[in-house]
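Protein chains in written order, with my numbering: chain A, 6 to 371; chain B, 6 to 371; chain C, 6 to 371; chain D, 6 to 371.
Source of the hints: derived by calculation from the structure; they are not laboratory data.
Which copy is meant is left open, because identical chains are indistinguishable; a pair holds if it fits in one copy or across any two.
Capping the alpha-carbon separation at 20 angstroms, the derived lysine-lysine pairs in PhoX-like fashion look like this:
#1 Lys103 x Lys37
#2 Lys79 x Lys37
#3 Lys103 x Lys332
#4 Lys103 x Lys326
Values in this document were obtained by computation on a predicted structure and should not be read as measured data.
Spelled out from the first residue to the last, the chains are:
4 protein chains.
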Amino acid sequence: MSSSFGKELKISLFGESHGTAIGCVIDGLPPKIKLDLKLIEKRMLQRKPGQSKMTTPRAETDQFEILSGIFEGKTTGGPLCIQIRNADRQSDDYEELKKVFRPGHADYVGYVKSMGAYDPRGGGHFSARLTAPLVFAGAIAEQILAEKGIKIVGHIKSIGQVNGKSLSEFAHFDEELADLDNQIYNIFPEELEAMLAEVDEARIAGDSVGASVEVSVYGLPVGLGSPFFDTVEGKLAHALFAIPAVKGVEFGDGFTFAHKRGSEVIDAFVLDHQGNVQTNANHNGGINGGITNGMPLLFKCGFKPTASISMTQETLNFNTKEMTNLKVKGRHDPCVAMRAVPIVKAMAAIVLLDLLIENLGVGINA
Amino acid sequence: MSSSFGKELKISLFGESHGTAIGCVIDGLPPKIKLDLKLIEKRMLQRKPGQSKMTTPRAETDQFEILSGIFEGKTTGGPLCIQIRNADRQSDDYEELKKVFRPGHADYVGYVKSMGAYDPRGGGHFSARLTAPLVFAGAIAEQILAEKGIKIVGHIKSIGQVNGKSLSEFAHFDEELADLDNQIYNIFPEELEAMLAEVDEARIAGDSVGASVEVSVYGLPVGLGSPFFDTVEGKLAHALFAIPAVKGVEFGDGFTFAHKRGSEVIDAFVLDHQGNVQTNANHNGGINGGITNGMPLLFKCGFKPTASISMTQETLNFNTKEMTNLKVKGRHDPCVAMRAVPIVKAMAAIVLLDLLIENLGVGINA
Amino acid sequence: MSSSFGKELKISLFGESHGTAIGCVIDGLPPKIKLDLKLIEKRMLQRKPGQSKMTTPRAETDQFEILSGIFEGKTTGGPLCIQIRNADRQSDDYEELKKVFRPGHADYVGYVKSMGAYDPRGGGHFSARLTAPLVFAGAIAEQILAEKGIKIVGHIKSIGQVNGKSLSEFAHFDEELADLDNQIYNIFPEELEAMLAEVDEARIAGDSVGASVEVSVYGLPVGLGSPFFDTVEGKLAHALFAIPAVKGVEFGDGFTFAHKRGSEVIDAFVLDHQGNVQTNANHNGGINGGITNGMPLLFKCGFKPTASISMTQETLNFNTKEMTNLKVKGRHDPCVAMRAVPIVKAMAAIVLLDLLIENLGVGINA
Amino acid sequence: MSSSFGKELKISLFGESHGTAIGCVIDGLPPKIKLDLKLIEKRMLQRKPGQSKMTTPRAETDQFEILSGIFEGKTTGGPLCIQIRNADRQSDDYEELKKVFRPGHADYVGYVKSMGAYDPRGGGHFSARLTAPLVFAGAIAEQILAEKGIKIVGHIKSIGQVNGKSLSEFAHFDEELADLDNQIYNIFPEELEAMLAEVDEARIAGDSVGASVEVSVYGLPVGLGSPFFDTVEGKLAHALFAIPAVKGVEFGDGFTFAHKRGSEVIDAFVLDHQGNVQTNANHNGGINGGITNGMPLLFKCGFKPTASISMTQETLNFNTKEMTNLKVKGRHDPCVAMRAVPIVKAMAAIVLLDLLIENLGVGINA
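The shape of chain A in the complex, shown without the other chains (with noise of 0.2 angstroms):
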């Protein structure tokens, strides 16, 4: 089992829901970076369960310390580790979390996979509690990226059966983009009453619903990623799969692709009024042949409604071989997505940087 990521930039993340604390250390930063601590507290807090009755009630505190690679306020480009002390443990009757595993959770898998020997409470390392510290890592690379002029937005896209508007309609970043970043849920304020209100009917109905994630990010330079293996698709791809509940990810046009023909989505080279090479349409998302083309970079990931329901589930005792009633007990997002932007975008962040490193070199910020 692994939780290592990154070439340049690399990632190392530990902990379990229930443990004694999570975090990760990130290694390979560039040096000289006074942190910028407002933007890591606000993506935490659009991160944080608790915020409201759309999401889980958890009281968890989130109260980062940084163990190493600052030093007065600026990275040393030595490895930086957090961690968050798991505050709210609660204690689980955890026995029986080892005889009904949950459906559509990790339990089943965990349990095969430790032979036994994981650690149960509440998903074990297998929680989405850990996307904590990955959004505290993807603050710190979002910085960097926009000290370079580049800029990540994401939204949600859709919940349930409520489609929003797409970031395809933005060319550039704007205030509205800026807006809509300041916002706890992501969600342009016209879709947001019909959003919460396929929110709250799952709630209501002890039940959950899936929604997607879109992000764009301006400004990247043409050149990052490779054509075969580390495509720029297949590398962020490869970081957002890891975010408990995504189930697809697609850019540019993605699957509507699949139906349409070549003549309708033509990206011809066009130059703007400032002379620069643009495409006049971006039906793919702003990379070509694995490699960004300086338009904007758009995709979207789909997420499963969570698999935590309040409603009464039948399903396998391992240990009688018998059908049992399952009612998941704990505090459950109705729609994990309420929280998945700044996860989302964190995740982009980080791949972004990486594969900036990779094009400048360690002396990137030099």
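Place chains B, C and D on chain A using the hints.
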């Protein structure tokens, strides 16, 4: 730029469309495997262009030569290198290609990435021709997996507006799937006509058409993959997006999940009649928490319509800085998916064998 | 800059000498290992400074806290993170340290590498204190190897002009080696006095003295390693040179080979009395062609005398650009090798476990 | 088994001594490098056997063919693959080789590692012949480094009892070193006779003799490498131990340090007459804390006498389980170091270019 992939089983891909040769080194193969050359040839034939008017008439010979790694017909455990000489090297006026980059292709990004020093003939290293050695490598991986009881099936799920049936209908590998596997186009017979009509229509119009490919893998053990970063989904997607024209990857219900309620997509655990653990549905496509759960692995790739169309396109002449009419010369596939199934399967086989060796060790075949 | 290592078993090291905490994440541990805390404490005590006048009087507490990866006393297979808080943070006048870099230390290269943004207190991330978490990780690896019948022995082979006996005299792990393993200084009793006299002499003179450490590993299976690049020698050396002050690594007869004839150093194959394959000598130190051959693995590391001496040194003031007299403050080991044996063994254990998992798979403990 | 190496610049090596071809893929080369074929040929000639009675008379042709990665004489940035066909394939009675493994060779471990399925002819993939493509790759790296002002010099430091002068005498690359670089044997003229006499004596006796090779690299920037794990010493040693017969690697004063006092080996910082930072000695061989410090990088490799000697050796017949007299057939180098200098230099060049690209980014040549 990197064209290497894999952890235990490493592929190093090389070559340009019109260079001396293409090929790959496959490093980390288990020793003592008697190569199934018939399977290799069958897969390479399924990928090969020029089979009919449905694919590009370019007469690639695809005659591979094994340079190393085999002794007395068996793998030695040392690196296996193959080369495929480029017999059909048509002399393009390639200076032109550096002035008018084809929209939707990698010419422009390839030019920038290489600081102008790339081989523009037929896309150079960015050519889909590079998938031939991948199909070779995939066939070996497929064979090794098959010897472990793991069977990979793939087919064209949709072309343009025609959507065929799903492999999710098949809980086990059966005769119908075996037949499908032998078809050059990997289309179920009842869908063949309608799908070919879509391609033909596009071809006649000088256009191209998108498609999707679906793969199901039977017989995987529980416990391949990791929860964070090296999820089965993430590793597969990483490889799949390297296939030219793939712009979306989804697992199980994929993006459909986004519109569903949790209660609609429960994969409850049950015992089958032999007393083995199963789930009573497979919405998650055989993966929970990034790890195989013993159910069939199911995924889909969305292919864009190839950007090479015969219709005239207006695009930038980078030399004159003026718009020009481009008519892409050469021989094109009206639908890349017609040859994509063996490629998608090859990528899946390579990734899954890598994961299997990680679990079982290099003595996998002992 | 990177502080990560390993393929199957990955170590991500963090911390600075006078920062908040040091520690590491150990990723890829086999599950279900009941940690031998006594062994861990024994090894950390052997590395710990302040044991006597022979080592630095700095009172590091080295109290580690396990943050993750353990449940009910056993490894879960998830990443295990430890932190060691830095209790003894003495406030140096560290502005001075950025003007007069200590000769033979990493201050200057650390300054350049971090573009001035490094933590100069006690060497920052470059401190030998970072070896404490490595010893922790190594003790776990040592335990797992021991459970597979693989036993690692190390000792101080020489200090200054005093050269002790070689582990090549021991064909098997025996009682004498077990005794040696329990000694805080890891010196054979008959050599202890002379070696300590060398250290004492250097200490009294305000000087330091070099040394060498030898390690022998018993019980390794035939077949670990690869011929090209990932040789056992190469992987071990890669890790060993990360130990501060190591400047040479040799296997078996090592540099002595350079002065020998082939006929003098034949390791002929023979059967032992149990009918097992052996070689009748072990000039090659248990490795042929980069791969373990079943004989004891034998290697030596040469340590330079620590650059921290109490004698006055004339060196450059980078601020004034003039030469200045430097008297390195603080508490120094007159001979780093006094604490190096557990570190060298730890590195060996980590690398060998990595190779063993590669051969046996993640289910090594099944 | 793995035969791949490198992070930014990746080498994938393939082939067997008597197979179809040997070669390698070099992945990650900077684009737009006009290959210096003369340098490549010079280096390959220096490695080539059969130059005189001092080396094996085997007539390898070493004619390489570039299969990819070059367009109009320049690197494209895509993978460069070369093959060298095995012209001189002598048919050994290789069934015999599986019964009586040659002492000191990799036959036995190769047999076990491959579960019996290896190519025993001439050592198969374990053959020193595999260093030919490495010298090719190294020559390209050497050229790129030279264009950045980095110059690699190597020579035979000792053979048997004859010990020559050290490159530590040369603070800068000068005419004498340029002359040395052009010699087929890379021995200083005043030492040539005595060294050749050692080889000749061994040859006449049907024996072999050990040697050491020393390398110095001039012009490296300050700041390559990392303190933990990816030290310059560790990365170089990792590669160097892959050279057949290398059993020791040391940097600067190396093992000599072990017998010294700290006050004897101070590298104090000074300014040279141009105002650049230097150290007034170079005991550390250009590296502090794992990172280049701007002084010449200096290291030595110890080579064992080749295990292939013409004298009769008594060893085990694995078939009969009885001891037998073995007389190794074939053509042997009495001293492998006669051809080793270009190989050692190649390894150094490959590793150093990898580190340089890490620092400067893939646009190193921009």
